[in-house]
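Asker: In case you want the letters, here they are:
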Amino acid sequence: MNGNGTHNVVRLVDVTKVFRMGQEEVHALRGVTLEIKAGEYMSIMGPSGSGKSTLFNMIGALDKPTSGRVFIDEVDVAQLDAYELAWLRCRKIGYIFQTFNLIQVMTAIENVTLPMIFAGMGRDEYMDKGMELLKLVGLAERFQHKPAELSGGQQQRVAVARALANDPAIILADEPTGNLDLTTGEEIISLLKELSQQRGVTIISATHDIKMINVSDRVVWIRDGRIDRIEDREKLQVSVGQVF
Amino acid sequence: MAKTIDRQIVLPWRQVIRISFNALRARLFRSMITTSTLVLAVAFLSYTFAVYAVLEGLWPAADVALQDKILATGFTPTDGHFGTTAKDRWLVVLSLLVCTVGIINAQLMAVTERFREIGTLKCLGALDSFVIKLFVLEAAYQGFLGGAAGSVLGVGTAVLTLWARFGFPVISHVPAVSLGVLFVKSSALAVGLSLIGVMYPAWVAARMQPAIALRSEP
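Line by line, the protein sequences give chains A and B.
Sequential numbering from 1 applies to the first sequence in this note's numbering.
Sequential numbering from 1 applies to the second sequence in this note's numbering.
Just so you know, these hints were derived from the structure itself, not from any lab.
Any given hint could be a false lead.
Here are the simulated distance ranges between beta carbons [to be verified]:
1) A:GLU125 / B:PRO175: 47 to 57 angstroms
2) A:GLU132 / B:THR112: 46 to 56 angstroms
3) B:ARG14 / A:GLU132: 53 to 63 angstroms
4) A:GLU186 / B:PHE144: 45 to 55 angstroms
5) A:GLU186 / B:LEU28: 34 to 44 angstroms
6) B:ASP6 / A:GLU125: 37 to 47 angstroms
Pairs of lysine to any residue, SDA-like flavour, derived with a Cα cap of 25 angstroms [said to hold, decoys possible]:
7) A:LYS146 / B:PHE115
8) A:LYS135 / A:LYS37
9) A:LYS64 / B:GLU56
10) A:LYS37 / B:THR4
11) A:LYS64 / B:TRP203
Glycine residues also receive a C-beta, built at the ideal position from the N, C-alpha and C atoms.
Whole structure, please, built from the sequences with the hints as guidance.
Answerer: As structure tokens, this is what we get:
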């Protein structure tokens, strides 16, 4: 499950998504073709309403495309049944959200261990690993705290630990720094970067946080449901200078 | 490297029971609000039946003065036995109908406000069947607790009011067995009603695409 840099961990082929809002049709995605390599740190940038989050949901198999195909590890997601989809979401992908989405009634350790329970791990095993993950994100001593008793940054750290629970090949982050202050946001970004470098995890992050650009291997710019441009790391510095 | 997608395991009941129990415990106050309609309807039902059960227990042991007192209050035995009248049963059925609508409404609200949580659970690998089991079990606990609370309330009120009216013999001749049976029946009925209430919301919640569930406002 590590990146050898050659195979595509995610591949989108001409993906479109249309939402029906009453009489109106909203074209959130108008044909996106994209390949993401294993081990890559990729950011999806774009203004709000550009289709970023919709694209995020497509990559994460959280919603069905109206047309086009989504491959994860070269498996067509549309061909999977409910059990296989659940397995994919449980083992292959770790999700991080702007609003953290921790289960409010559960403690930090319960939140982190939940994906491992779903994966069928034994209690000793998942408790050990849960504590290890909380240690990794620097929250080991707060394992008994509920989300409401943690700061935004701490909640997002718990969410990062939870995303790592089943050693996913991909971490999908939807505006992970959107609800955090500058410093806390930077901490989360560097934590993600570390994970990508040390564990070879593919990180895909929808964002409009400029700080994300500095750590990304590639940046995909989305505009009006289409890919505007894709930039590699080398070119990034130049274009960032131009745009901002 | 061939990477196949495996199939997610179905979580054993033991785990589902543990998770649902903890979820209910953590949300006890909210659950009590959801269940309040049920508690009141069951209390009304068990009160109605308990009054006649207590009188049944009291009547054979009562002396003439007490029997006269009972008759004077408006209770009339048919063939020497006390039982619900057609009007009583009609009122009970009506109250249960109102309660069913109430509990469906309450469960719909309770489940709707947890859409995001459901979306999150699905992202973490929960199967649709897990979501359904979670809500069904929670509703069963709620039904049982609400039913137990309601029947204790109803039976308690019946015994106390009759005691206040007819004095100590009511307590010394309490028909424990038939009140016990009433308690079990009322609790079972409450569980049933609670389950009816949660079926539709749970089904809707379980079938939602995670993306849509996550988008909903808490």
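Asker: So, for every hint listed, does it hold in this structure?
Answerer: Okay, the hints, checked on the actual structure:
1. A:GLU125 / B:PRO175: 47 to 57 angstroms: 54 angstroms, holds
2. A:GLU132 / B:THR112: 46 to 56 angstroms: With a Cβ separation near 36 angstroms, GLU132 of chain A and THR112 of chain B fall outside 46 to 56 angstroms, so the hint is violated.
3. B:ARG14 / A:GLU132: 53 to 63 angstroms: For GLU132 of chain A against ARG14 of chain B, whose Cβ atoms are near 25 angstroms apart, the range 53 to 63 angstroms is violated.
4. A:GLU186 / B:PHE144: 45 to 55 angstroms: 50 angstroms, holds
5. A:GLU186 / B:LEU28: 34 to 44 angstroms: With a Cβ separation near 40 angstroms, GLU186 of chain A and LEU28 of chain B satisfy 34 to 44 angstroms, so the hint holds.
6. B:ASP6 / A:GLU125: 37 to 47 angstroms: 18 angstroms, violated
7. A:LYS146 / B:PHE115: 19 angstroms, holds
8. A:LYS135 / A:LYS37: 29 angstroms, violated
9. A:LYS64 / B:GLU56: 64 angstroms, violated
10. A:LYS37 / B:THR4: Distance ~18 angstroms between LYS37 of chain A and THR4 of chain B Cα, so the pair holds.
11. A:LYS64 / B:TRP203: 20 angstroms, holds
The structure fails hints 2, 3, 6, 8, 9 (numbered hints given earlier, in ascending order).
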